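J.: Read off the chains here:
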Amino acid sequence: MSKNTKMISLYFEHDADVGIIGRGSTIEQAFESAAEAVFSIMTNLETVQPDISVAFEFEEEDLELALVTWLNLLLGKARELGMVFCRFHIHRQGNLWNAEALGEKWHADLERGVEVKGATLTMLSVKQIGAIWEARCVVDV
Amino acid sequence: MDLQQLHQIQSYLWTLPLKPGESRKEVLLYGSAPLLESMDDKVLEQITNVASLPGLVGAAMTMPDAHWGYGFPIGGVAAFDVEQGGIISAGGVGFDISCGIRCLRSNLNLQDVKPHLSTLAERLFKVIPAGVGEEGLLKLDTKQLDQVLLGGARWAVQQGYGSEADLEFIEERGCMAGAVPANVSELAKKRQRGEMGTLGSGNHYLEVQVVDRILDPAAAQAFGLQEGQIIISIHCGSRGLGHQIGTEYLVSMAKTAERCGIHLPDRELACAPIQSPEGQQYIGAMNAGINCALANRQILTHLTRETFMEVFPNSELETLFDVSHNTCKIEKHKVDGKSRVLHVHRKGATRAFGPGHDTLPERYRAVGQPVVIGGSMGTGSYILAGNSDNPAFASASHGAGRALSRHQALARWQGKQLVSELAQQGILIRSRSMRGVAEEAPGAYKDVDLVAEATEQAKLARRVAFLKPLACVKG
Chain A
1 MSKNTKMISL YFEHDADVGI IGRGSTIEQA FESAAEAVFS IMTNLETVQP DISVAFEFEE
61 EDLELALVTW LNLLLGKARE LGMVFCRFHI HRQGNLWNAE ALGEKWHADL ERGVEVKGAT
121 LTMLSVKQIG AIWEARCVVD V
Chain B
1 MDLQQLHQIQ SYLWTLPLKP GESRKEVLLY GSAPLLESMD DKVLEQITNV ASLPGLVGAA
61 MTMPDAHWGY GFPIGGVAAF DVEQGGIISA GGVGFDISCG IRCLRSNLNL QDVKPHLSTL
121 AERLFKVIPA GVGEEGLLKL DTKQLDQVLL GGARWAVQQG YGSEADLEFI EERGCMAGAV
181 PANVSELAKK RQRGEMGTLG SGNHYLEVQV VDRILDPAAA QAFGLQEGQI IISIHCGSRG
241 LGHQIGTEYL VSMAKTAERC GIHLPDRELA CAPIQSPEGQ QYIGAMNAGI NCALANRQIL
301 THLTRETFME VFPNSELETL FDVSHNTCKI EKHKVDGKSR VLHVHRKGAT RAFGPGHDTL
361 PERYRAVGQP VVIGGSMGTG SYILAGNSDN PAFASASHGA GRALSRHQAL ARWQGKQLVS
421 ELAQQGILIR SRSMRGVAEE APGAYKDVDL VAEATEQAKL ARRVAFLKPL ACVKG
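As they're listed, the protein sequences go chains A and B.
In terms of the numbering used here, the first sequence has 108 at position 108, counting the first letter as 1, and numbering is strictly consecutive.
In terms of the numbering used here, the second sequence has 406 at position 406, counting the first letter as 1, and numbering is strictly consecutive.
The hints are simulated quantities; they were obtained by calculation from the structure and are not laboratory data.
A few of these clues could be false.
As the list claims (entries may be wrong) - Below, simulated DSS-like cross-link-like pairs (lysine-lysine); rule was C-alpha separation at most 27 angstroms, straight line:
(1) B:Lys338 - B:Lys25
(2) B:Lys42 - B:Lys338
(3) B:Lys190 - B:Lys143
(4) B:Lys126 - B:Lys416
(5) A:Lys127 - B:Lys42
(6) A:Lys77 - B:Lys190
(7) B:Lys126 - A:Lys105
(8) B:Lys255 - A:Lys127
(9) B:Lys126 - B:Lys139
(10) B:Lys190 - B:Lys25
(11) B:Lys255 - A:Lys77
(12) B:Lys25 - B:Lys334
(13) A:Lys105 - B:Lys143
(14) B:Lys334 - A:Lys105
(15) B:Lys114 - B:Lys468
(16) B:Lys139 - A:Lys105
(17) B:Lys143 - A:Lys77
(18) A:Lys77 - B:Lys139
Predicted model only: the values in this text are computed from it and were never measured.
Using the sequences and the hints given, assemble the complete structure.
T.: Here it is as structure tokens:
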């Protein structure tokens, strides 16, 4: 795997909700992959156009809480703007995280999956396994 | 769950014995052996973690419909005392603050509705905003939202959504005291701008039901229920605003707990001492979230009435009751013969006050609070009544409870096929999400009959009526 290869998003079992996994060769890529896993629960991301860009930043020193904050800010921004996101970029500088999400407004042609309410701290972990970073948690649906 | 590790106290009550050196309060699990056996081991792990939190009074408990949640199990009940350093936990309330069920009783019967059921289902599907990405017609600015957060269902009635008569039959008379809109973030309010009067997604629904069986004639009479009568149940909560409050305070409480030296076996149990500034701030925000949910269900009630009036011009829909199952409420309970003021967390558990409780409307005071156990869209739901000798801080089951995960359900069922099969049984499903329908397949839930029976046998509440689904708008 090349240094900048982002891996596919995955899921793990949870009774009432959904466990999501993001993996990549960097923390940032793992976070981006986790975001794809979350928004794929809501629609088919391949059909979403990355027409509108939304940028934001946040501060968090704890890597695990940063994952939860990242996912919840994405969900909050998406709902605030009536959008669904399909592409994600995040960059870490110390405790500061600069983020961008691209997507479009919900419309009738987009497949409707299930709404994700928020990312939880349950089974939350951000860790390096060999050369791969893995970010996971349960999201409430 | 392996029952070998439990000790059976009564037929429908179990406990987990303390291990040597273990320091926690008692764990009590209500339910039959088959129900507990079907529960994931995580339920026991989670409720045991709750039993180690500071200031817990009595025991940490699970209801018969319990299943694996986040932090607290769904179907978890725990009461904390301020004077004993008790805590408030955002994870113990849940993200969908004040998610609950509004039940409406109609003056229609099955014969009235059956010939027009398809038309009714289509109209409800068109009028009730449901599912991911759907917004309501009502758009509120921040100032108006602050009024919602202070006024709850009372605000909605003042805007013309429903009548004063509705308020009598809503918990807290439709308006939760102690709400502090300033404790709710701007992002939370922005998320809610277009979401008042929306159903949401997941297990939320609006269902047209028929009273199939009366099981307690006296209570049924007090509740105004009779066989063949049409009932409408609306299951939803505080939408994006509540979710945002939950997510924000969860992270801040994780840090507060660490700072206060509270040991968290699971970070999701993030909590703060009730008397701490962080605890008080969350309580103000949570109460605002409760009012948001009460207003949301009031608006949906209004939309439902308007739709029924289109199809059945002489229809009347009265609020039977509105009960929340994701809350923390300050209540008085007798513990060891003494009256104590407690913060009772109910996460996926319904308040179930017994006969004579002074907060109940006069009409129900002799029989107890109406309790709803919402079943799956293919099986049915129960209306029960609270018992005066409820042993679980006046709490009861809130639903059938999941038996299979969403992932397992998706692997087993297809949405379109389920809709077709249920239509053949006379149950009309309307949803924009076939994935959502598959995840909510009737077979993915526990047997609601077993849950209701266990709820009654455990003295949590008694069965009054069984409702069968006719049409369901799914989120």
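J.: Which of the stated hints cannot be reconciled with the structure, identified by number in ascending sequence?
T.: 2, 10, 14
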